[in-house]
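Residue numbers (numbering that gives the first Met the number 0), protein chains in the order written: chain A, 0 to 332; chain B, 0 to 286; chain C, 0 to 233.
The hints are all genuine.
Listed next, the in silico BS3-like pairs over lysine-lysine satisfying Cα-Cα at most 25 Å (straight line):
| id | chain 1 | residue 1 | chain 2 | residue 2 |
| --- | --- | --- | --- | --- |
| 1 | B | Lys88 | A | Lys314 |
| 2 | A | Lys209 | B | Lys88 |
| 3 | B | Lys88 | C | Lys18 |
| 4 | B | Lys175 | C | Lys78 |
| 5 | B | Lys88 | A | Lys214 |
| 6 | B | Lys175 | C | Lys57 |
| 7 | B | Lys175 | C | Lys18 |
| 8 | B | Lys88 | A | Lys307 |
| 9 | B | Lys88 | C | Lys57 |
| 10 | B | Lys187 | C | Lys105 |
| 11 | B | Lys187 | C | Lys78 |
If you want a taste of the chain A side facing chain B, the calculated C-beta under 8 Å gives, among others:
| id | residue |
| --- | --- |
| 12 | Ile120 |
| 13 | Val124 |
| 14 | Glu127 |
| 15 | Ile263 |
| 16 | Ser288 |
| 17 | Ile289 |
| 18 | Gly295 |
| 19 | Val296 |
| 20 | Met302 |
Keep in mind that the hints were calculated from the coordinates and are not lab data. Just so we're clear, the structure is a prediction, and the values are computed from it rather than from any experiment. Each residue gets a CB set at the ideal place from its N, CA and C atoms; glycine is no exception.
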Amino acid sequence: MDVISRSTRASRIAGVLALVLAMVLIAAPWWGSIATERLIGEFMIYLALASLWNLLAGYTGLVSVGQQAYVGFGAYVLISLALLAGWHPLLAVPVAGIAAALIAIPVAALVFRLQGAYFAIGTWVVAEVFRLVCAQLQVLGGGSGISLPAATMKLLGDSRMWREATIYWLALALGFVSVAVVYGLLRSRIGLALTAIRDNETASVSLGVKIQRVKYAVYVAVAGVTGMIGCLIQLQKGRMSPDAAFSVNDWTAFVIFIVVIGGIGTIEGPIIGTLVYFTLREFLADLGSIYLMILGVLAIVIMLAAPKGIWGFVKDRFGLSLFPTGYRVISKD
Amino acid sequence: MEWVNAIIQGILVGGLYALFAAGLSLIFGVMRLVNIAHGDFIVAGSYLAWILVRATGLHPLVSLILVIPIAAIFGYVLQMVIFNRTLGKDILPPLLVSFGLSVILQNMLLETFTADSRKLDAGTLETGSFSILPGVAIGYFPLLMFGTAIAVIAGLQYMFYHTALGRSFRATSDDKEIALLMGLDNRKVYAAAMALCLAVVALAGVFLAIRSNFDPFMGPGRLIFGFEAVIIGGLGNLWGTLVGGVILGVAQGLGAEIDPGWQVLAGHIAFLAVLAFRPRGLFPRMT
Amino acid sequence: MAEVLLAIEDLKAAYGDAKALHGVSLTLNKGETLALIGSNGAGKSTLLKCICGLVSNKSGKIGFKGEEISSLLANEIVKRGIALVPEGRRLFPSLSVEENLVLGGKVARKGEWNLNAIYGLFPILKEKRHQPSTALSGGQQQMVAIGRALMSNPELLLLDELSLGLAPIVIKDIYDLLPRIVGGGMSAILVEQDVTRALNSASHFMCLQEGRVSLQGAPHDHSREAITRAYFGT
Numbered sequence: 000m001d002v003i004s005r006s007t008r009a010s011r012i013a014g015v016l017a018l019v020l021a022m023v024l025i026a027a028p029w030w031g032s033i034a035t036e037r038l039i040g041e042f043m044i045y046l047a048l049a050s051l052w053n054l055l056a057g058y059t060g061l062v063s064v065g066q067q068a069y070v071g072f073g074a075y076v077l078i079s080l081a082l083l084a085g086w087h088p089l090l091a092v093p094v095a096g097i098a099a100a101l102i103a104i105p106v107a108a109l110v111f112r113l114q115g116a117y118f119a120i121g122t123w124v125v126a127e128v129f130r131l132v133c134a135q136l137q138v139l140g141g142g143s144g145i146s147l148p149a150a151t152m153k154l155l156g157d158s159r160m161w162r163e164a165t166i167y168w169l170a171l172a173l174g175f176v177s178v179a180v181v182y183g184l185l186r187s188r189i190g191l192a193l194t195a196i197r198d199n200e201t202a203s204v205s206l207g208v209k210i211q212r213v214k215y216a217v218y219v220a221v222a223g224v225t226g227m228i229g230c231l232i233q234l235q236k237g238r239m240s241p242d243a244a245f246s247v248n249d250w251t252a253f254v255i256f257i258v259v260i261g262g263i264g265t266i267e268g269p270i271i272g273t274l275v276y277f278t279l280r281e282f283l284a285d286l287g288s289i290y291l292m293i294l295g296v297l298a299i300v301i302m303l304a305a306p307k308g309i310w311g312f313v314k315d316r317f318g319l320s321l322f323p324t325g326y327r328v329i330s331k332d
Numbered sequence: 000m001e002w003v004n005a006i007i008q009g010i011l012v013g014g015l016y017a018l019f020a021a022g023l024s025l026i027f028g029v030m031r032l033v034n035i036a037h038g039d040f041i042v043a044g045s046y047l048a049w050i051l052v053r054a055t056g057l058h059p060l061v062s063l064i065l066v067i068p069i070a071a072i073f074g075y076v077l078q079m080v081i082f083n084r085t086l087g088k089d090i091l092p093p094l095l096v097s098f099g100l101s102v103i104l105q106n107m108l109l110e111t112f113t114a115d116s117r118k119l120d121a122g123t124l125e126t127g128s129f130s131i132l133p134g135v136a137i138g139y140f141p142l143l144m145f146g147t148a149i150a151v152i153a154g155l156q157y158m159f160y161h162t163a164l165g166r167s168f169r170a171t172s173d174d175k176e177i178a179l180l181m182g183l184d185n186r187k188v189y190a191a192a193m194a195l196c197l198a199v200v201a202l203a204g205v206f207l208a209i210r211s212n213f214d215p216f217m218g219p220g221r222l223i224f225g226f227e228a229v230i231i232g233g234l235g236n237l238w239g240t241l242v243g244g245v246i247l248g249v250a251q252g253l254g255a256e257i258d259p260g261w262q263v264l265a266g267h268i269a270f271l272a273v274l275a276f277r278p279r280g281l282f283p284r285m286t
Numbered sequence: 000m001a002e003v004l005l006a007i008e009d010l011k012a013a014y015g016d017a018k019a020l021h022g023v024s025l026t027l028n029k030g031e032t033l034a035l036i037g038s039n040g041a042g043k044s045t046l047l048k049c050i051c052g053l054v055s056n057k058s059g060k061i062g063f064k065g066e067e068i069s070s071l072l073a074n075e076i077v078k079r080g081i082a083l084v085p086e087g088r089r090l091f092p093s094l095s096v097e098e099n100l101v102l103g104g105k106v107a108r109k110g111e112w113n114l115n116a117i118y119g120l121f122p123i124l125k126e127k128r129h130q131p132s133t134a135l136s137g138g139q140q141q142m143v144a145i146g147r148a149l150m151s152n153p154e155l156l157l158l159d160e161l162s163l164g165l166a167p168i169v170i171k172d173i174y175d176l177l178p179r180i181v182g183g184g185m186s187a188i189l190v191e192q193d194v195t196r197a198l199n200s201a202s203h204f205m206c207l208q209e210g211r212v213s214l215q216g217a218p219h220d221h222s223r224e225a226i227t228r229a230y231f232g233t
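Bound-form chain A, shown alone:
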């Protein structure tokens, strides 16, 4: 008799390892230094942004070069709530998420009128609008930005250790949530719809898959989570100018490189890509702009020679899947 299985042996092993890893990571404030927490936190930020961008571009076909709009937006929601209303930063995070999702609705209504690469540039324009508007808001620091008030930071914890730990745990949580949301979505009916759209849009329309609605939903959901990540980044940095909060390089270019190098259209790809990115950064960042050029060359070479990225190559070669979303028929003969 045949059985339909949704997991692979590799994925079950990975699942156990992940659980162990999670426990180790959560305990980091006790075994690691603040610098370690910051590094892991940054890793989580990029992992989250990469997973979300991958969902947008690799699965939904929405190649956005403007996600920095929501990063900055989330950061500015936090600053507004903290500075102007004295809110606890952790409360601001979910609010920023909802606000980002809400503002993504009219944005989507506009940019979805554009196709393909023009859509990409359109999202970039929107991010620029957000940036320019925020730079005009003198009450929030205008063009040079403003620091989160000390009082707000105190709300996170009495000692520096607790403050850093709280930010760190928030980073872990958001990293986990992002990957979980992406994985959950792709295993669900929406995921099936997305794969159908990706493989053959015309056919899936005829099957009744409401493509526009699915795209809208994914875009808005991703914007919401990205907004929360923006809050986190603001908390980590303490002070950001509009240029930094809405930076194309930091929140889009690097993210794109991570996903392309790791493997676009796979869930494992962003994880591999983030690892590669941080490793490269460790050794090459001193080279400054040459380091960026290397990243660019690497992305181009991979796109031309191995468009599915490192994980795509591994998956095709060895049939591995750590985050299986498909269905496998197992013959129990």
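For this one, chain A is given, so just place chains B and C on it according to the hints.
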């Protein structure tokens, strides 16, 4: 009167924006490719002219005799070696490859020339002007820029609809399989289109460099202006792109009159307004 | 003594994973017209596309005038004297009637066909020469497609489903002109759904069934029943 002046200057700078946009429009029409590094190539054109002017002492506009062919040859090679490999049903490869090129180009310019902003000096042409109304001066150079834009667009239109090259562009873009049966090697057709595009891009770059300061990071901004001009004007219509450039220039000029910090933002708002109310642009031609 | 123009040996072809031809061999002599018949999906169009170089996933030999052309690109093959009138016409919508024809003559070899000759064959096209090709009726578009292929003065003309989507009287008019089209020593392969017309227009025929040759020869050598059997594979 400042408002009239702002509008007139806006119209004239629209010519420069149309030059930014013309290449984008051409490439998209022929091979459905949008080169994210387009703006960076414009800036690279500025730097190329800067090197040549320093080395030869030529007037910037005369340096075009060298800049344009160099850019065209580079465009041909770029398409043959890199972009032709990315074309296909998937929009991701060309987009991501051109994104990579953008980053590489910006940092290469940064490494070679530092972040200092530079400018090309065109002498009296730059500073001379004449007055048609009290308080409204029309500079020779902006007028030249606008006139060149009209000439370039007219030239491209003529090429596209009345020459064998243009016929090969239209046929290949219609049906590249059957175009093969006409003896048209689409790799070479695309390369010719990219050569032409970068020639226009280089021209725009030289004008940009004369008009204002430039630095390695100005590329994305120019790409966005060109893109906005294309969308406002309407896809598939080069004259529409000129109108789009003018509207963008005027919007920016009016925004600057309200507040200097509003200049670029006003242009974006005009673009978003057109996107909201006339999503296909003002004079669309493509289906 | 008949001169061999086209010699195909064991041609196999596929689109992705879907195999379309399973080993087809044929020989065409100079001046001959071969009718290629078979039901939908039998592989007729695929065979023509293989000859032109539009199918890359293939194996086997294709010899044209003694030269092996199976690994050549389509734009190289047309220079050697093969032209295709594609299924569904496939005119260039952005080009006018005359531009379509002129483009067809881009790789023109010496011969009788030029713009004036085409207009002589299809006078209606001269009237409509500057109109976009899409503005013409189906039959007129078919004329443009034929004219476009003739402009290169090919030695081998491939005609894919001339009658597709056309009214019977239009089909008749076009087929009446066929002798003039392939006159003058031109060889042709004619793919046609309408079996009777096909067999009436050709000196030889080949029937394909699911990518394989099921019957071939001269039309009058085979009975109606035999041909029907070969067509449907019963």
